[in-house]
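Listed below are the residues making up each chain.
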Amino acid sequence: MSEGGKSDQFSGRMGLIFASIGAAIGTGNIWRFPRMVGANGGGTFLIPWLIFLFMWSIPLVIAEYAMGKRSRTGTIGTFRIFAGKKFAWMGLWTAWISSAIGFYYAVVSGWTIKYFQLGVTGALNGEGVDTTEVWNAFLQSSGQVIFFQFLVIVLTLAAILKGAKAIEKVNIYLMVSLFALLFLTLFLSLWMDLSDGSLDGAMFMFTVDWNMLSEPEVWINGLSQSAWSCSAGMGMCITYAVYMSKDEDTVLNAFTMGLANNSISIIAGLAVLSAIFAVSDDPLATVTGGSSAITFLALPEVFAQAPGGNIGPLFMMAGFFLALSFAAMTSMISTVELCVRNFVDHGYDRKTSVFITGIAIFIFGTPSAVMWIELDSAGVAFPEFLEVQDHIWGYGLMFSGLFIAFTIWQYGYKKWQADVESGLADSGFRGYLTTGVPAFRNDFINTGDNDLYVNRVWDILMYIAFPLLFIVLMGSYFADMIASTDDVWNPSNPHGLGIILMFWGVVGGLFIGFNKLLVSRPLYRNVPEGAVCDISMLPGGDDPRVVLVGETVPTLD
Amino acid sequence: MSSKTVAISTRPSFGFIIALPLLLSLLAPMANASVAQEEQSGMAPEDVWSYEYANMIFPWADEGERILQFKEYHTYETMKERMLRLTQDNSDIFEFHEGLKGGVNARGEVVGVDSYEGWYYDHASPWLKITGDVQGGDYNPFVGDNGNYADRPDVLVVGNHHAREWMSYQTPILVMEVIAFSYDNIGYDNDGDGQVDEDPWGDADGDGILDDDGDCLALDASYQDSNGDGTPCGAGDLGVDEDYSEQWITDLVNGRELYLIPMLNVDGNIYDREVFCPAPAWESCPSGGWRKNLRDNTYTGVTPLPDLFEQVDEDCDGVDLNRNYQFEWGAPLGATGPLIPGTCTPAEGELDGSNNDVYNGPVDDKDNDGDGQINEDHVDGKDDDADGLTDEDWWGGNSEPETKFIQDLTEMNDDNADFSSEFKSTLTYHSYSELVLYPWGHCTGCESPDHQQLIFHGDEMAEMTQYTNMQSSDLYPTSGDFCDWHYGVHGSYCYTMEIGTAFHQHEDDIDHIAVRNLGVAFYMTEIADNPRERADLAMSDITNQSLQSPNEVNIPAKGNIPIDMCIDKSFPYSLESSVSHLMWRTVKPSRLQSDYGPREWSTTEWTGAALELIEDENCLIAGSKNGTILRATLDISETTTGQLHYKIMLGTLSGGDLYEYPDKGTYYTLDLSYREAYGSVFGSLFLFMVVASFVWGGLAVCLRMMLSDDEELINLADAVLEEEMKTEG
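Those protein sequences? They're chains A and B, same order as listed.
Heads up: the first sequence is residues 1 to 557, going by my numbering.
Heads up: the second sequence is residues 1 to 729, going by my numbering.
Calculated from the structure, these hints are not laboratory results.
The structure displayed is predicted, hence computed values, not measured ones.
A hint or two may mislead.
Example chain B residues on the side facing chain A (calculated, C-beta under 10 Å, incomplete) [to be verified]:
#, residue
1, Y596
2, W601
3, T641
4, S673
5, M689
6, G697
Cβ coordinates follow ideal geometry from the N, Cα and C atoms, glycine included.
From just these sequences and the hints, can you work out the full model?
Take a look at the structure:
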């Protein structure tokens, strides 16, 4: 117990909001979003992307906040309390996926800092700079990549070592700077685009191609962008909700976070597309290239042509990559914190937890940094080991969302059953609809703290839309992979489906096996003073080993 | 240590002594060879080949059987007996016939079995139906043959139109022997040199030398011209084109129907042999002989003067069968009308035939189409009387049992019931002149529509036989011949082989002349599926035909993308979309694209686009020659980006061949750029407003709520609550 039994809280609402936005906004907003807009018909893409913000991301974030705010524990504890003792492994899965991604995300974050450095020193905008050479040279020098990876981890650890207040402070500074830097970049981009006659980049980004709107692919891409970019259902918001003050509003926060995330995407998209359209002969070919390719190869070339002699490019380059590294850092912070929180919940000292996590992320991240640095057909270096890690764990994130939905469905069903037993509810389907389905919403979302009342629409989204969208998302991804990959089932094919299923199976199986061990440990809830966080109605609420921070665990046989 | 080194040092010398004899024995053959080379500059036939081959002893009969060994001529009787014998021994591929069964022919005439029997000796021409599983397939009740398969092209080979041209039936008999011997006798070593199928007909390896395996050329010069024609290792010499593939022949037999009529003019042949030219014919008739059939031109009642003897009147009787076919019949080119009996005289010498040797037969005075007019539409492929029917009332021709037989066989052999002749290739052997002749015969200085293609195949056969290829009429004009009728009426590629150097070739020359002209029959059999297309393909500059490469494709600013294929003018392309199409697919950046990995592509399925002929434009083949443009138009939207993969499958008219460009199994990759406008000012402004108000507006509302919530609303809400509680209380 680090804080001597005191609970750890954000100082206020803005702290939570900024931390959550920091978690949500990552490299995906800045380097994935423009590519998706380019590849999916410009403005056409914005329609599904916006729709799924409201259909998928915000409802899930609401659920996460609601769960974390009640359980006051990290992901493992939350599932242990909300889904029951048997399902604590779901939280472990969520924590593991987040950490596994954190392993290589630290490396990626390191790249962005390196590029900020390159931008500031003007190494990217001189005469005859070949951005491919710069990129290849960097990626192939293990020492440099590891150095920047290490730097990221150190900075992250420093930020979270002191707990919620520090996290909040760092996020506020970084996010505000990110806004400012992105606006600077956007301003320069629009200037560039306008100076060649028209704002064609902006025009493209906001023009709907009605034919493309009927293509399922555009909708699937919109869904996956929305699902990833917001970090909805990935446990981040469960984690940050632990530090919420007692009467925090979950719903408004969810909307604020989702909308802020999309706002940043639009600004970043506009900045990137305008700059590329201003310079490139075939902007769409450029923009649909690989993500890291656009970011580290195309954009430096584009930014180098910014107006204002040396100053414009310098500002643009430095501003953009600093914003990018801030986005990456804040996501890194939430990733590590998600892991650390789980250690702390189970009685580990925060400092120890932070260092263990930091060392693990460094050690397990190093292979991604240096192993299998290959050249693609165009002669551009890429880290294949890192890519394979992403391939394996990337979609594992989606299961965390499914587990959250499962928890909600289960709670509703049990509540209804209990009500039927006590004669409060009809045992027919109508009874289920009126008592079971809205149970989670009534008990944990519309608690009275929220300014925005959540109505039945949320139930419909959680019970019908979410499972359908989940199937579409996973199904289309797997179907695509099966259709386009040779030898897809062979687990030794690093790009196949076999390897994914194998790793998921092994890890999932291990975690289910660990479950008993996991729930045999005491769980310390971070409940703020004066808050009523009743968990007695929850499946895991009657566990005597679940106690408040500072309490002693009753000894059991 | 030291003793060991000694032992080792002695060993080589010891080993050397033991190995010496062996080493010397290795040198021995070299020594022998060099000695032999000094004595003689090449080998003798027996050194290379089996005794049998070196002495031209055919494997299907004993050395002493002179007729079967082609050392002596067949007669009608021995030929028929041999045909029956081979049919019995090869009943799976041979079926023996004489004439046709008859019935109602294609012209509505009732024809009996005897209609095809010669006027004088009453024999119908014996013939063989040759095809794999000859007892299977369909039965043709008029022709009387089995083994009719709609999917097997038919070929007609006819010998001995002219009675005295004896090599012209000996050669088809050799064809028959070779088929009987080679069918299913895979890998037979014809020349006994230990190699199999090493020297097929013609210049198989394209080096300009017929002797592909070089065994004849390896002989001493004194052995190289075994047929004595003055050309060493030429066509018909031992060791030239001697070891063809039995598999190939077997496949041909299984894939074609061959109608082999070795001796069409049985009447004339018997008369020539038994009466007109006393044996040996090459001595009694060195430059002449009986040519025609034995129609009695002086039959009482036919001519004003009575025919006193009612027997063969050598000066007057007979019809030249090869002037009796109906196409352009009667135009007296190289043919004569009947002479009045009594004025008929022998031509030049007594045994040279008569002075009406090219008599084309009687005029037909029947109203063939029953319209009340006579001879108003002559057989010439045109509708002379403009009544919508072509060639329906002929002046004459096909009046003889033998030509009627060819006529009805051609017209009634219709495997696929399309009312056209099955014979796409036809061949007739004649003697002599060492020529390959192709249509036309009836006009000079004229060219048939298939002139180039006919020349092509003629050249191929001329190469094989080392004969001269020329248009028939360039030798001398003839009307009513076999090939003009087959080509002119039935579109069949028809060749007349003028083989050998005499009518009655000396019997010592039978074997090598027959061998020299053997390959021609198989060549015609092979091309019977589609001779025009085969010629077109062979003449086309296929390797220089090209599909537009990515940098040649002209992508229009709007609309579908055209891709051109430039083909040779003579290429027999098919526009049938199931056969010829441009295959394309697009490649887009993959949705599976990793954020960290290389650019990945997702590929659509290949789809086919139909080709159309662009009539008013030309393209260049190999940069110089005009070619034909076939164009595919790809439905690719203006917004598509990524890559286009394309290749072309070009099928031919018969569907037999498929050509792929740029190459088998490869395709071109074209980068597709976005062609649509990037957007409109107002549309984008509108969507921007919508998105901005949703996202930024929404965010602003949230933040406002949040801020006011923090400061005022809570107080307000508390106040309200208190009010309520007060009022309630």
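For each hint, the structure was consulted:
{"no.": "1", "hint": "Y596", "result": "5 Å, holds"}
{"no.": "2", "hint": "W601", "result": "8 Å, holds"}
{"no.": "3", "hint": "T641", "result": "5 Å, holds"}
{"no.": "4", "hint": "S673", "result": "4 Å, holds"}
{"no.": "5", "hint": "M689", "result": "9 Å, holds"}
{"no.": "6", "hint": "G697", "result": "9 Å, holds"}
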